[in-house]
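> As a plain string of letters, each chain reads:
There are 2 protein chains.
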Amino acid sequence: MKPSIPKGTRDFSPMEMAKRNYIFDTIKQVYQLYGFQQIETPAMETLGTLMGKYGEEGDKLLFKVLNSGDYLSKVTPEELAERNSLRLAAKLCEKGLRYDLTVPFARYVVMHREELQLPFKRYQMQPVWRADRPQKGRYREFWQFDGDIVGSDSLLNEVELMQIVDTVFSRFGVRVQIKINNRKILTGIAEVIGAAEKIVDITVAIDKLDKIGLDNVNQELREDGLSDEQIEKLQPIISLEGTNDEKLNTIAEVLATSETGLKGVEETRFILDTLKTLGLKNEIQLDLTLARGLNYYTGAIFEVKALDVQIGSITGGGRYDNLTGIFGMPGISGVGISFGVDRIFDVLNALDCYPKDATNGTQLLFINFGEKETAYCLPSVAKAREAGIHTEIFPDSTKMKKQMSYANAKQIPFVALAGENEMAADKLTLKNMETGEQSLITIDEIIKTILA
Amino acid sequence: MKPSIPKGTRDFSPMEMAKRNYIFDTIKQVYQLYGFQQIETPAMETLGTLMGKYGEEGDKLLFKVLNSGDYLSKVTPEELAERNSLRLAAKLCEKGLRYDLTVPFARYVVMHREELQLPFKRYQMQPVWRADRPQKGRYREFWQFDGDIVGSDSLLNEVELMQIVDTVFSRFGVRVQIKINNRKILTGIAEVIGAAEKIVDITVAIDKLDKIGLDNVNQELREDGLSDEQIEKLQPIISLEGTNDEKLNTIAEVLATSETGLKGVEETRFILDTLKTLGLKNEIQLDLTLARGLNYYTGAIFEVKALDVQIGSITGGGRYDNLTGIFGMPGISGVGISFGVDRIFDVLNALDCYPKDATNGTQLLFINFGEKETAYCLPSVAKAREAGIHTEIFPDSTKMKKQMSYANAKQIPFVALAGENEMAADKLTLKNMETGEQSLITIDEIIKTILA
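Top to bottom, those sequences are chains A and R.
Counting in the numbering used here, the first sequence runs from 1 upward without gaps.
Counting in the numbering used here, the second sequence runs from 1 upward without gaps.
Please keep in mind that the hints were generated in silico from the structure rather than gathered at the bench.
A couple of the hints might just be wrong.
As the list claims (entries may be wrong) - Rough simulated footprint, nothing fancy, chain R against chain A, three-plus residues with beta-carbon under 8 Å:
no. : segment
1   : 37-50
2   : 65-75
3   : 83-97
4   : 125-135
5   : 241-252
Every residue gets a Cβ at the ideal spot worked out from N, C-alpha and C, and that includes glycine.
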């Protein structure tokens, strides 16, 4: 029997884990610098919590967990005979696997509101599961790393999230472009061209500008039922160029008659102006074609792209004004970002920008020549560990060659050994695996050498 | 609609996460000190990997995941009508949730053997799921933190695992007793009393000595079909007292005719003697009544108990000689331990032995008096963060009282504020929340004060 793992899932090797931990730790440290606190929620949520939150397509992509025990006891023969997969699933299963971190977070806030001090700034890094068709870079089990602030509608939160993004990618050594837009501006645009009800169609079309070009966007708008006049009015907005300030000035004129639109301009201006005084390391660009999950966001929208690697958005987020409303707790505004850890992993691999010590491996290996030599070495092994050095002693007294190839495979930089001579001298031979240099020294000197 | 979470699962609050992270990080650091490397495996495994590995009871406790899409398409009307829960589940589901970390690790070793350098020392900390009846201290989602060495039958591995256990609990500040036994000794005992085939019954009975007392143990042995003579022969073993050396000497005499038994004595002697030269901080005790999952272990068995808290075993493990055999790869010996993280969490809570800085919270909060004051503060906020200080600025300019109670709730030790006077002086007022002391100083002085 040849074992396998479910398609779309992955094992992570020590080297992959070391790199992923570096990514997780870096993001975590920055969140903590901004006063965010970690929470975790269960892998399984009730289907009542999950269903209907991600659209019809999302409901289908939920992994459902079969009720334990006699899961058929509540199912009538008629229901079975009907063979309706979706309806029957609701009888067979009452739990599903987490689909994202946002809905569980909303559920968390509602269930724990009594103990929460608002504004609540939380980060959460956990896997999520989707029964999507697996393909390159798309998995059925993947990781999200979300940060959200709920219970405050201050735009300072948007400012801080942009600072967090900027700091994280600076620490990674990855050059990014941060794109920002505002749902209220999009609403305003739809209003002033007299197509408020078509806002979704319009933004879906505009969102494709990069991929399909202006002519095709206009064609799509026509197919969506926009008049030539309306499309004409949209042109200066779609093709808007210039600095962020220039764009904002232009758009403020266009949106002069839309209260909502002007509010969006004002919000965006505050965010960009404040960030200007703080001096981000990466460019932040106003992009009116940025849409992202419109049904959801109500204010600022952001997205991050890597400048030196061809890959989709690696981080995104925005302001939502009624996330907890679905669980009966209205009036809580929130804003958040989600780091796409799997894509960031790909980007850091492509640019090879992991620090050397990220792998955190063994620093010193003691060779095993047999029982007597091992007994001689063990106190030194313990001493090295007490000094904080990651130390191994090869457990079996096999051929020297095998032990050395173990050291090479694990990229261990120092090897220590003791035979008759070393034991007589109460010392050890230390070999620097990079230079090949050998020296007969005491364990204290070895520790000093390695920690130097 | 009032949201809830599946029974037996938990949300973890920021404070709980901080404590859990302290536990995970401490164990992780010790594993790394010994050259262990982290891996992760998917939450879902194929049912082919999981089924039949945990006994009949275990199969029932597996959470099974409904096939996605039209999961009924492969089920005949007859199979549905039969209403056999177990048989039908095999048709409806081909994946299940991880039940422990050991079987996925065996599967990992087999699937990745080409890339592994043996001996392979891995640690893994991930949740596992069991459809057990939830009760106090028993959850349906809980965490395991396993360390294993495979591909080496050297007893040095057992020695190092005991050192790891000793170091971990020393770092926690928790006094423990480490118990050790050896499956070969148990086999030897069954052999010399002429009841080799009754080894499971014997160890199950002896294992209960602490709970039910000697008389009841003997009664149970009689019920298991042991003769009075056999039970008589067992008495010196069950009631064995004295130092580890004394116990080993006695048992060696008893087992004089059992080759396997003597091998077990020799192995135990080596482990204990070597540990004696290394000087553990906690007591290690030979306990012949220690059995633990007999079908599984083939050599040393260990278990750890907290001395100052009444709770079951908090860590356990042992040597297994054929873990990967179930996946078609025989001859790989391994030895491992599993830290029971949820129980360790309970122990550390009971003894209140978390270090003060374990929570890693916000160190400095800037009060928000309005737009002008905030603009004045923001560069100082950035400066504090650059210095590595966990810093927040309250996002909304609400009442001072609300902001101060936020600081109190999050136990933030320092609060900074700036009004007309501070801005005129190009300084800030720093309030020490513990002493109540206030001083008008520069941001550089604030940073120095907090980092001091």
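> Each hint: holds or not?
Taking the hints in turn, this is what the structure says about them:
Interface restraint, the segment 37-50 of chain A with chain R: holds (12 residues with C-beta to C-beta distance below 8 Å; minimum three). Only residues whose C-beta sits within less than 8 Å of a C-beta in chain R count toward coverage, and the segment 65-75 of chain A has 7 of them, enough to reach three; the restraint holds. Residues of the segment 83-97 of chain A lying with their CB closer than 8 Å to a CB of chain R number 9, which satisfies the three-residue condition for coverage. With 3 residues carrying a beta carbon less than 8 Å from a beta carbon of chain R, the segment 125-135 of chain A meets the three-residue requirement, and the given coverage holds.
Three residues within the 8 Å Cβ limit are the bar, and the segment 241-252 of chain A against chain R gives 0, so the coverage statement is violated.
Going through the hint list in order, the structure does not satisfy hint 5, though it satisfies all others.
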